[in-house]
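Participant: Chains as they are written, first to last, in the numbering used here: chain A, 2 to 115; chain B, 199 to 311.
Each hint should be verified, as a subset may be incorrect.
Below are the EDC-like pairs computed for lysine to aspartate or glutamate, each with C-alpha atoms no more than 16 Å apart in a straight line [stated by the list, open to error]:
hint : chain 1 : residue 1 : chain 2 : residue 2
1    : B       : Lys299    : A       : Glu45
2    : B       : Lys201    : A       : Glu45
3    : A       : Lys98     : B       : Glu298
4    : B       : Lys299    : A       : Glu62
5    : B       : Lys268    : B       : Glu298
6    : A       : Lys74     : A       : Glu57
7    : A       : Lys4      : B       : Asp257
8    : B       : Lys268    : B       : Asp249
9    : A       : Lys71     : A       : Glu16
Covered stretches of chain B (chain A as the covering partner; in silico rule of three or more C-beta atoms under 8 Å from a C-beta of chain A) [said to hold, decoys possible]:
hint : segment
10   : 239–250
11   : 281–290
12   : 300–310
In short, the hints are calculated from the structure, not lab data. Glycine is no exception: its CB is placed at the ideal position from the N, C-alpha and C atoms.
In case you want the letters, here they are:
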Amino acid sequence: AQKITQTQPGMFVQEKEAVTLDCTYDTSDQSYGLFWYKQPSSGEMIFLIYQGSYDEQNATEGRYSLNFQKARKSANLVISASQLGDSAMYFCAMRVKGAQKLVFGQGTRLTINP
Amino acid sequence: DVKVTQSSRYLVKRTGEKVFLECVQDMDHENMFWYRQDPGLGLRLIYFSYDVKMKEKGDIPEGYSVSREKKERFSLILESASTNQTSMYLCASREGPANEKLFFGSGTQLSVL
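In isolation and in its complexed conformation, chain B is listed as follows (with noise of 0.2 Å):
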């Protein structure tokens, strides 16, 4: 089974801080994706990657960045942490562009003060 793991569940963060949401796969996916979760919007595409330092604007990109050094790991990288982007993020991997299956991490919920 494919895995995809993000590295904290609970993270706590101050206004202003640097945050980085790690996430690893372990087959070898060629696509990646940050989704951020919010009560009523339900999931929406912060950035994706289509291969190791290749990546593209989702639909609210805006105070996040993104960087893929290698193929089993996607970083999504606050620069500087604001009240507004406290949220659940999740990380999905695909095989390719012609596969349908996205395979999710666990979350982490963020939680900005």
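Just chain A, same shape as in the assembly (with noise of 0.2 Å):
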């Protein structure tokens, strides 16, 4: 079974400064993608960045940047320069290869202070 796990329920953190996410996975399969997404207070749940395991760099979009580090199943992610409105609740998921259904993790409410 795969499991996905968010140590931190809440972050709080000063406007411009880089923030840090965590992220740990738990599967027995080779092949998996992993994502993030980003819950406004609108509710919808946006898409963020995703990483495959077979993928040999880190991926990045824009501001955000997942540290992938396969050995320790950590996906963990990174929001440079971080703003007002980057505070919401974070969801990491995995899916693995053939499987239908993404598996989330418990969530992370960043709270970016002015």
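Two chains, two frames, a set of hints: combine them into the complex.
Facilitator: This is the structure we're talking about:
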């Protein structure tokens, strides 16, 4: 079975600082994908970034990067130069190749202070 | 842009009522999903559908059923709502099984009194 663990229920960061949101995963499969989604107060889940298990480079999308450490089974999200609009819930998720569903972590509520 | 629309943002129902949550996507996606979101538990899959009239149970299907009569519409049904079904319900769609990205609706916050 697959499992995603996000150990930080909440984080508070000053505006313009970089922030790292932790995510560890557990699977015995070799082929899988890792995702991060953002959920603002409006409720909609917004896709941020994707990393495949065989991708050699860490994924980056603008201010978002995924620090993928396969041996440690971690997939931390790094947000550079945080902005007030980054305040939201953040979910890490995994999909094993061949499976239909995404498995989600518990989420981390990020608050950016001015 | 893909749009996934959930019919209600907030819904209040009474115990024992039959509840329909509707979800429509406008991009001809094959796969559609219903998740339930609870604090501290993240999102858990209730049901998914990989084509019209095709469905599979997710991790927590008890107390729920689904209907997919048309490709664009995926309905979640609570046959007899109970207070433990008070939750945020999120619908999502995906182009096909080979695609990775899920597109989500804005969610329906259901309260069962």
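Participant: With reference to the structure, classify each hint as holding or not holding.
Facilitator: Right, here's what the structure says about each hint:
1. Lys299(B) to Glu45(A): holds (14 Å)
2. Lys201(B) to Glu45(A): Holds, because 11 Å separates the two Cα atoms, which is no more than 16 Å.
3. Lys98(A) to Glu298(B): holds (10 Å)
4. Lys299(B) to Glu62(A): Cα-Cα ~14 Å, so holds.
5. Lys268(B) to Glu298(B): violated (23 Å)
6. Lys74(A) to Glu57(A): holds (14 Å)
7. Lys4(A) to Asp257(B): holds (13 Å)
8. Lys268(B) to Asp249(B): holds (9 Å)
9. Lys71(A) to Glu16(A): violated (30 Å)
10. 239–250: Coverage by chain A holds for the segment 239–250 of chain B (7 residues, Cβ < 8 Å).
11. 281–290: It holds: at least three residues are needed, and the segment 281–290 of chain B offers 3 whose Cβ sits within less than 8 Å of chain A.
12. 300–310: holds (count 7)
Violated hints for the displayed structure, listed by number in ascending order: 5 and 9.
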